[in-house]
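Kindly produce the complete structure, drawing on both the sequences and the hints.
Counting from 5, one number per residue, gives the positions in the sequence shown under my numbering.
Hints were generated in silico from the structure; no laboratory data involved.
Please note that a few of the clues may not be correct.
[Said to hold, decoys possible] Cross-link-like lysine-lysine pairs, in silico, BS3-like; alpha carbons within 27 Å at most: (1) Lys-51 <-> Lys-277; (2) Lys-197 <-> Lys-212; (3) Lys-126 <-> Lys-197.
[As the list claims (entries may be wrong)] Simulated restraints on C-beta separations: (4) Lys-51 <-> Ser-213: 38 to 44 Å; (5) Arg-231 <-> Asn-305: 21 to 27 Å; (6) Glu-155 <-> Leu-221: 19 to 25 Å; (7) Ala-56 <-> Ala-235: 31 to 37 Å; (8) Ala-276 <-> Arg-300: 18 to 24 Å; (9) Asp-142 <-> Asn-305: 42 to 48 Å; (10) Leu-221 <-> Lys-51: 39 to 45 Å; (11) Lys-212 <-> Arg-263: 24 to 30 Å; (12) Ala-320 <-> Glu-116: 57 to 63 Å.
We put the beta carbon where it would ideally sit given N, CA and C, even for glycine.
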Amino acid sequence: MTDPRRISIAPMLDWTDRHYRFFMRGLTRHAMLYTEMVTTGAILFGKGDYLAFDEQEHPVALQLGGSDPEQMAECAAIAEQRGYDEVNINVGCPSDRVKNGRFGACLMAEPELVARCVAAMKAQVSIPVTVKCRIGIDDMDEQAALNQFVEVVANAGCTHFTVHARKAWLQGLSPKENREVPPLNYERVYQLKRDFSELHIALNGGVKSLDDAERHLECLDGVMIGREAYANPFLFSQVDERFFQQPARVLDREAMARRMIPYIEHQITQGAKPWHIARHMLGLFQGQPGGRIWRRYLSENGTRADSGQLIEAALAARQERKPSPNHPSAKI
Numbered sequence: 005m006t007d008p009r010r011i012s013i014a015p016m017l018d019w020t021d022r023h024y025r026f027f028m029r030g031l032t033r034h035a036m037l038y039t040e041m042v043t044t045g046a047i048l049f050g051k052g053d054y055l056a057f058d059e060q061e062h063p064v065a066l067q068l069g070g071s072d073p074e075q076m077a078e079c080a081a082i083a084e085q086r087g088y089d090e091v092n093i094n095v096g097c098p099s100d101r102v103k104n105g106r107f108g109a110c111l112m113a114e115p116e117l118v119a120r121c122v123a124a125m126k127a128q129v130s131i132p133v134t135v136k137c138r139i140g141i142d143d144m145d146e147q148a149a150l151n152q153f154v155e156v157v158a159n160a161g162c163t164h165f166t167v168h169a170r171k172a173w174l175q176g177l178s179p180k181e182n183r184e185v186p187p188l189n190y191e192r193v194y195q196l197k198r199d200f201s202e203l204h205i206a207l208n209g210g211v212k213s214l215d216d217a218e219r220h221l222e223c224l225d226g227v228m229i230g231r232e233a234y235a236n237p238f239l240f241s242q243v244d245e246r247f248f249q250q251p252a253r254v255l256d257r258e259a260m261a262r263r264m265i266p267y268i269e270h271q272i273t274q275g276a277k278p279w280h281i282a283r284h285m286l287g288l289f290q291g292q293p294g295g296r297i298w299r300r301y302l303s304e305n306g307t308r309a310d311s312g313q314l315i316e317a318a319l320a321a322r323q324e325r326k327p328s329p330n331h332p333s334a335k336i
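Below, the structure written as structure tokens:
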């Protein structure tokens, strides 16, 4: 069986919530899905349920933020009990809030602490404990520091690393800038795989197409796609056939939209608003005739809607304004 981490969707704060993951599972059965980062404090002391997910989301991993080995182990055990397929440690987020909490990218400077977290977690669970990190932070030497980090953490039992191929600057750049300003260095990740051939090494950062992913897989074990998976979700309708040698799940965007209506109606009974789900569907018709109309209708009406008929109405608006097949704009 092909490892689901061969192609995965990156954990993204405020984006990869359970509604988005359910939506994406309608496009791919096999790619690995990740939660938004959830902190140990939220799980252990928060009042809400931050671990809820639909059974259809499998395979699904919890991305965990923290640095206290005992709390990390306790949260990993809870995640396993709740049914998660993996726990991933966040060693890549550069925000001030994360840094002040002593987790995220700043932990790249403390490989021994990350190793203690891995060891404590693996002692409590049988599911994989993995790490997502950067190629480096601040003025640390990328190659030497990354190799040292991976070696120390791997010695504690971690065999799967996903590496965002950008350095994180913890001083002077915002989280958004840290996703765009530091240059991508794919060769650094390729070299890591050559240096640690026994480990599963996946790449994250700047992957815009499945052709990009295929090229990276010539050198690596996995590719994680982030912003493009959110902006252009239908890209993943081809993933199962292309990377997992399994039949494509859906080929029709309108059918995909309508698949979400019963889900929206059910979630309304649980207290959700249609916009909580529909916002993740804005990019469904990316690059297609009527795509802007679809986005605009959902954006303008989503927060006022109170039923799943929002989707049918948006589809109807798109059809009304969609150019004919012979119109020049239909060929874009």
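Distance restraint hint 57 to 63 Å, applied to the beta-carbon atoms of Ala-320 and Glu-116: Cβ of Ala-320 to Cβ of Glu-116: about 59 Å, so the range 57 to 63 Å holds.
What's the verdict on Lys-197 and Lys-212, does the C-alpha distance respect the 27 Å limit or exceed it? Since the Cα atoms of Lys-197 and Lys-212 sit roughly 22 Å apart, the hinted pair holds (cutoff 27 Å).
With 18 to 24 Å as the target window, see if Ala-276 and Arg-300 comply at their CB atoms. holds (22 Å)
Next pair to validate is Lys-126 with Lys-197; report whether the Cα-Cα distance is within 27 Å. holds (23 Å)
Cβ-Cβ distance between Leu-221 and Lys-51: within 39 to 45 Å? holds (42 Å)
Please test the hint of 19 to 25 Å on the beta carbon pair from Glu-155 and Leu-221. holds (24 Å)
Using the C-beta atoms of Ala-56 and Ala-235, is the stated range 31 to 37 Å upheld? For Ala-235 against Ala-56, whose Cβ atoms are near 25 Å apart, the range 31 to 37 Å is violated.
Holds or violated: 42 to 48 Å for the Cβ distance of Asp-142 and Asn-305? Since the Cβ atoms of Asp-142 and Asn-305 sit about 45 Å apart, the hinted range of 42 to 48 Å holds.
Just tell me: holds or violated, for the beta carbon distance of Lys-212 and Arg-263 against 24 to 30 Å? At 26 Å between Cβs, range holds.
Could you grab the alpha-carbon distance between Lys-51 and Lys-277 and see if it respects the 27 Å cut-off? holds (20 Å)
Is 21 to 27 Å right for how far apart the beta carbons of Arg-231 and Asn-305 are? About 25 Å separates the Cβ atoms of Arg-231 and Asn-305, which means 21 to 27 Å holds.
Supplied distance hint 38 to 44 Å, evaluated on CB atoms of Lys-51 and Ser-213: Distance hint for Lys-51, Ser-213 holds at roughly 42 Å.
Taken one by one, the earlier hints fail for this structure only at number 7.
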